[in-house]
Structure formats: structure tokens, C-alpha cells
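FYI, the working numbering numbers position 308 of the sequence shown as 1783, with every residue one higher than the one before it.
Treat the hints with caution; some may be incorrect.
[To be verified] Calculated cross-link-like contacts (lysine-lysine; reagent style DSS-like; alpha-carbon spacing at most 25 Å):
#1 Lys-1599 to Lys-1577
#2 Lys-1641 to Lys-1736
#3 Lys-1757 to Lys-1660
#4 Lys-1755 to Lys-1661
#5 Lys-1755 to Lys-1615
#6 Lys-1736 to Lys-1755
#7 Lys-1770 to Lys-1787
#8 Lys-1532 to Lys-1547
#9 Lys-1736 to Lys-1598
#10 Lys-1598 to Lys-1577
#11 Lys-1615 to Lys-1797
#12 Lys-1736 to Lys-1611
#13 Lys-1660 to Lys-1697
#14 Lys-1577 to Lys-1523
#15 Lys-1787 to Lys-1697
#16 Lys-1666 to Lys-1720
#17 Lys-1757 to Lys-1599
#18 Lys-1797 to Lys-1720
#19 Lys-1660 to Lys-1547
#20 Lys-1641 to Lys-1532
#21 Lys-1641 to Lys-1660
#22 Lys-1757 to Lys-1697
#23 Lys-1523 to Lys-1547
#24 Lys-1720 to Lys-1697
#25 Lys-1532 to Lys-1666
#26 Lys-1755 to Lys-1666
#27 Lys-1532 to Lys-1615
#28 Lys-1757 to Lys-1787
#29 Lys-1770 to Lys-1736
#30 Lys-1547 to Lys-1615
#31 Lys-1577 to Lys-1532
#32 Lys-1611 to Lys-1757
#33 Lys-1599 to Lys-1532
#34 Lys-1641 to Lys-1720
#35 Lys-1615 to Lys-1641
#36 Lys-1736 to Lys-1661
The hints are simulated quantities; they were obtained by calculation from the structure and are not laboratory data.
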Amino acid sequence: MREKFLLIFGIIFSLFFLTIPPGHTAEIRPSNIYVVRAGDSLPAIADKYNISIEELKVTNGLQSDVLIAGQKLWVPIMYEVRAGDTLVDISSTFHASVETIKAVNGLSSEQLYAGQILKVTPKKLTMQGQHILMTKEEFKEWLFNTHVNRDIQLIQQHHTWLPSYKHFTGSNHFQMLMGMENHHKKTMGWKNIAQNITTFPDGKVAVSRPLNIIPEGTIGPKANSVGIAIEHVGNFDSGHDVMTKEQQETIIYINALLCIKFGLTPSIDSITYHHWWHMKTKERVLDATASYNVKSCPGTGFFGGNSTTSAKTHFYPLITDKMEEILETE
1476 MREKFLLIFG
1486 IIFSLFFLTI
1496 PPGHTAEIRP
1506 SNIYVVRAGD
1516 SLPAIADKYN
1526 ISIEELKVTN
1536 GLQSDVLIAG
1546 QKLWVPIMYE
1556 VRAGDTLVDI
1566 SSTFHASVET
1576 IKAVNGLSSE
1586 QLYAGQILKV
1596 TPKKLTMQGQ
1606 HILMTKEEFK
1616 EWLFNTHVNR
1626 DIQLIQQHHT
1636 WLPSYKHFTG
1646 SNHFQMLMGM
1656 ENHHKKTMGW
1666 KNIAQNITTF
1676 PDGKVAVSRP
1686 LNIIPEGTIG
1696 PKANSVGIAI
1706 EHVGNFDSGH
1716 DVMTKEQQET
1726 IIYINALLCI
1736 KFGLTPSIDS
1746 ITYHHWWHMK
1756 TKERVLDATA
1766 SYNVKSCPGT
1776 GFFGGNSTTS
1786 AKTHFYPLIT
1796 DKMEEILETE
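Can you make the complete structure from the sequences, with help from the hints?
Here you go:
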């Protein structure tokens, strides 16, 4: 009898929820993120969303025409305004800007009405050639949308030494990147700029060498084979450049993002300093070698020093805290 009662109750309970009026169910917002599938191409996706291939590439910071299944792309969307919507809300939801939404739709004010149809186009990133210049927040979106098809176990920390702060004008990011790229190719004989990522004194971050390509550089093949190389513009040996607050925050933030992206826990085995690698043997020696066998990179003044103790005391805890902060907001 009890079982029969429970069965009848369950049926009634299910029917109740099946007959809830649509207006009382949770509304699902549309998405303007397209997930790449096997066989997709940039021309086909661009045609589907009525945009140019170049616009699609700049919007998503694509460094080539090659797509990888699982990769996420921002695309335009036609959005129907709902009661309570604001341009600020819409721009935030769809990775757009209020100014662009107004311009594209010919809006003279920010006033909206329910049922209004808006074309929402995502923000474009700043690019020159392969180099993508971003804020740290833009880098987060770009990184989490990017599909990396190689094993990443090690995040390398370097300082450029030259160029340093005295060469940075506040607006010559691309000039500095091209200078490093030319030096690496013509003088060092490498195929491309050595590093994947560069940070600047103003807190901006650039991606140059694609993350799917291992870095080059004097740290050696063992560190490079499973690594991502980050160059921090500046000479951070003691007595030289004093790192700006903006660059410090960006360095911590992007290392935290990379750890989250690739499932790494900050330690000497996952975040490494160039100083810990022997210049001749290219083996990791940590602190156990004479100074003339290693570089000071990323600097004797980098977050308290370039020793393993300094990293464990002054660098890794900041990254761990930032990871927790980021994950709490996801």
C-alpha cells in the first residue's frame, strides 16, 4: 500500500512540474560563443555569421587560419532585449562594448525596450602580425577559449634584461616585440620570437609565439619541450628596474591563469626560473651551482630574489592566492 501511494505521488509530482507555464521557468540566455568542431574552417564560420575572416581572427586573437576542435570563438549575435536589460549588462554578457553596440545599431541613447532586436558584435583584440596585445582580463578570456594541443608542465619566468624599463615609452609594445623577434631570428638564429608571452611595465600582456609551439631559448630543450616561456620586460637584477605594481599584478594573474588552465600547482616543478638551469648542460640545477654557470634571470630582485627559497616564500603563495580568488568568481 505504501509503495502504491509513493508511486501515485511521484506521478502527480512529475506532472505538476511538466505543466508549469513557460513564463515561470528560468530563462536561458543565448550564447555568442561558437565551439569549433572537426572539419570547421574559418571561411565557413565567417560566412555563417556574416563577418569577414579577418574580423573573426582579430576578434578572437587567432594567429593563423588553423582551427582545433574544442576551440571557442566569439561570434556576432542577434539579441532580443528582455525587460530589465541594460546595455552594460548586454555588453558584459556578450564580450562587447556599449559604444560598439550603440554604433552598430544606430542608438542615440542607452534606453532599451523589451522586444528590441540588437546586433551584438564582440570586442576586437589589438593585433599586429602574430602579436596579440591584451589587458590581463582580456588574456583570461583568450586563454580559456584557446585549445592547446600539447602537454604543458612548466611555466618559465624570464626577464628581458634588454630591452628594459628605459626603453618602454608606454605605447611602443609592438615595436619592442618586433625588435625582440628580429633579434631572436637574425642574431640568435631561431625560427621565431623565443617566448610565448611577454608582460610590460603598464600591466599589458602579449602573446607572440603560439602556445601550441614550444618556446626556443637558451634555457634548453628539456625545459622548453613541456614549457611556456614568459618574458617580463625589464632588468630585475637588484639595483636596476623596480617592478611596477601593474606589471607585478599581471605577472601573478597570468601565472595563476596558466596554472588553472593546465592543472598545475605552483612549485619549483611547475613554475621555474631561468636561473635554475645550467647554461652549458641545460639541466636543472636549482640553487646548487656556481653563479658563473647560470644566468641571474629573471633577476636577483624578482619577487624577493631568484632562489628557490625566494620563489617559495614570495612568489608561489601569491599565485596560489590569486588562483583561489579567480576560481571563486567562476
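| task | If any of the earlier hints don't hold here, list their numbers in rising order. | result | 2, 5, 6, 16, 17, 19, 20, 24, 29, 32, 35, 36
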